[in-house]
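K.L.:
Protein sequence lines, in the order shown, are assigned to chains P and Y. Residue 264, in my numbering, is where the first sequence stops; the numbers in between run on with no holes. Residue 1441, in my numbering, is where the second sequence stops; the numbers in between run on with no holes.
You may find that some hints are simply not true.
The following residues of chain P were derived to be distant from chain Y, with all beta-carbon distances above 10 Å [as the list claims (entries may be wrong)]:
1) L14
2) G90
3) E180
4) L264
Computed list of lysine to aspartate or glutamate pairs in EDC-like fashion (alpha-carbon distance at most 20 Å, straight line) [to be verified]:
5) Y:K1061 with P:E180
6) P:K145 with P:D238
7) P:K53 with Y:E1266
8) P:K145 with P:E180
By construction, these hints were calculated from the structure, which means they are not laboratory data. Note that the structure is a prediction, hence the values are computed from the model and not measured. Glycine included, each C-beta is placed from N, C-alpha and C at the ideal position.
Here's the letter readout for the chains.
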Amino acid sequence: MSEQVKVPTMAEMLAASEVPEVLFWVGCAGSFDDRAKKITKALVKILHKASVKFAVLGTEESCSGDPAKRAGNEFLFQMQAMMNIQVLNGYEVKNIVTACPHCFNTLKNEYPELGGNYKVLHHTQFIRQLIDEGRLKPKGGQAFKGKRITFHDPCYLGRANSVFEAPRELLEKLDAELVEMKRCKSKGLCCGAGGAQMFKEAEKGNKEVNIERSEEALALKPQIIATGCPFCNTMMTDGVKNFNKEDETKVMDVAELIAQAEDL
Amino acid sequence: MGIANIIFLIALIAAVGAFAFQVRKIRRNILLGKDVDMSGNAGERFKIMARVALGQSKMVKRPLAGIMHVFIYVGFVIINLEVLEIIIDGIFGTHRIFSGMGLAYDALIASFEVLAVLVLLACIVFLARRYGGQIRRFEMKELFGWPKNDAYIILWVEVILMGAFLTMNAADLALQQKGSAHYTEAGSYPVSSFTAPLLAGMSESGLIALERGAWWAHILGILLFLNYLPISKHFHIILAFPNTYFTRLKPMGEFNNMEKVKKEVELMMDPNADPYAAPAEPESEGPQEKFGAKDVGDLSWKNLMDAYSCTECGRCTAECPANITGKLLSPRKIMMDTRDRLEEVGRNIDKHGKDYDDGKSLLGDYITEEELWACTTCNACVQACPVNINPLEIIVDLRRYLVMEESKSPTELNSMYTNVENNGAPWAFAQADRLKWAEED
Chain P
1 MSEQVKVPTM AEMLAASEVP EVLFWVGCAG SFDDRAKKIT KALVKILHKA SVKFAVLGTE
61 ESCSGDPAKR AGNEFLFQMQ AMMNIQVLNG YEVKNIVTAC PHCFNTLKNE YPELGGNYKV
121 LHHTQFIRQL IDEGRLKPKG GQAFKGKRIT FHDPCYLGRA NSVFEAPREL LEKLDAELVE
181 MKRCKSKGLC CGAGGAQMFK EAEKGNKEVN IERSEEALAL KPQIIATGCP FCNTMMTDGV
241 KNFNKEDETK VMDVAELIAQ AEDL
Chain Y
1001 MGIANIIFLI ALIAAVGAFA FQVRKIRRNI LLGKDVDMSG NAGERFKIMA RVALGQSKMV
1061 KRPLAGIMHV FIYVGFVIIN LEVLEIIIDG IFGTHRIFSG MGLAYDALIA SFEVLAVLVL
1121 LACIVFLARR YGGQIRRFEM KELFGWPKND AYIILWVEVI LMGAFLTMNA ADLALQQKGS
1181 AHYTEAGSYP VSSFTAPLLA GMSESGLIAL ERGAWWAHIL GILLFLNYLP ISKHFHIILA
1241 FPNTYFTRLK PMGEFNNMEK VKKEVELMMD PNADPYAAPA EPESEGPQEK FGAKDVGDLS
1301 WKNLMDAYSC TECGRCTAEC PANITGKLLS PRKIMMDTRD RLEEVGRNID KHGKDYDDGK
1361 SLLGDYITEE ELWACTTCNA CVQACPVNIN PLEIIVDLRR YLVMEESKSP TELNSMYTNV
1421 ENNGAPWAFA QADRLKWAEE D
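Kindly generate the complete structure, drawing on both the sequences and the hints.
P.N.:
Laid out in structure tokens, this is it:
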């Protein structure tokens, strides 16, 4: 990150006797995946621009346990969850924002029964809240004026948690032309990465799921396929490349679009 | 009471008794599942049932099939009022006992006639869709054999029942117009007023025979059909209501917490736990409970009710990303397998008693690992089901058994677990590097 944008950790905050208003849960993809790191940085820039006092866990953060839970490894999931809950409760964390729908779903829905109770928001919800509170005033700008954008609903944001509107409302701020795929919102088609598929070869079939989905998105001839999940981003990017359309169609996270519109 | 009334009464009692016997068996089978607490939230549950089952809200997401289904559904419910009259007439030898209701009776009979025609129309459309062979979800492997025949039997029986009902009315009206003694003028017949004149050439005794024949065919058909339900996918007309009432109320993304695992993990993470402590006494006698599900008895009773509620429409499978892309997984097959296996377990209990083990199980003998590992847990199947069946819960519980009891994960997933355990991330990156991104541009 640039010199002006600091990324404080919870430990540093605590040492300085400060309390952040929100913890940014970065997630494994956001921390390590080169493509997803760009989304992480875009969100940090937005938080900075809106003067949000945030912190990350840094090296104290660990996998939420989502892929283990979906695969059926409840032991590993609960070990991860309980370790994370110890850390989060140790810092008395109340509010969490994350750019990963899998972390979002797990922390929000599955941590409470293990003793972790937090108000968890997906970054699209959090950014919308910043705009609603007047802390972030998107100029709309010329960057995306008239461009065709379609939104791919991440399963664990949309169907799994009924968050359909927050990302779309942000896209509308861009003054772009929002076009919907036939399979959108509660009928959205998976990118193929969920349920721990991200970490294994697909079972035998006649097509990859991300190809099916990218085909559907590309049929709309969008300049941008927007999404809100690092794994969807990977799958859709690969799908677009498969059709040699990476010059015409970019796969971007909603946070990146907002950051770009703001010249951040 | 004449001999006909006695025969009718015996048929009625036999049919209702046999139906009750079959329903008790299904209830027993469902209760072989593990207990889950579904109490509370009655208000919300009634609302869901009213919207999804009574109001058919998810059926009409596919407009053509949805509207046709509404015809059959409304026809079934409303025409049952007529069946009530038929039963009273049958027992007491009366004829059209409700006809004293006057105008209301006219309206009822008229609506039955219109609905009967709409039901016929819907059945013909549905039969055409199935015989046409163009709809992928009706042509899949899991439907070959009995399931396809089951669907055809249901539709043809409904065609016959409606045909008999309309024939009965037409003959009745023709007799009314002839001024036949027993057939007082009653009811309004928007359909039969067109068909009755076709019968005008028949003699009075011929018409009476036709009317009686159709009357008996209609009611005996219904009583037989009632007893067909429990061995058929058509049982959904009953279970759709309790099944939607007991819909899972949590967000779809929230998978259930395993209390048993929680206890062990808490013990593992408790610094004060005595590592040399003797294992706690098992809380109950009987076999050790498994992690996850291997057979139908390891699933919850709601999962098993889901299986009996499934009418094999295949909307789940049509939305499944794995199935769309040619993988082996079909959520509908998961439900059909669960029901088939549960029926088999039930037959074993009937034949050999409660503790009989046939050496078979849902996992392995019915559902393969390849199917389970194709699932992306996207919940599209759960969303698509018109009666709120949840195939995903079963898939995940079977995966849990594979992973935690048999250590049978795909190799790459084993690497993922190891990475999470060692590095706190599903990839082999060092935890110490977790904040490196903040130092980059």
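K.L.:
Each hint needs a verdict: does it hold in this structure or not?
P.N.:
The hints, checked one at a time:
1. L14: holds (16 Å)
2. G90: holds (14 Å)
3. E180: holds (16 Å)
4. L264: With a cut-off of 10 Å, L264 (chain P) remains clear of chain Y, as the shortest Cβ separation is near 13 Å.
5. Y:K1061 with P:E180: holds (18 Å)
6. P:K145 with P:D238: violated (26 Å)
7. P:K53 with Y:E1266: violated (34 Å)
8. P:K145 with P:E180: holds (17 Å)
When each numbered hint is compared with the structure, violations occur for hints 6 and 7.
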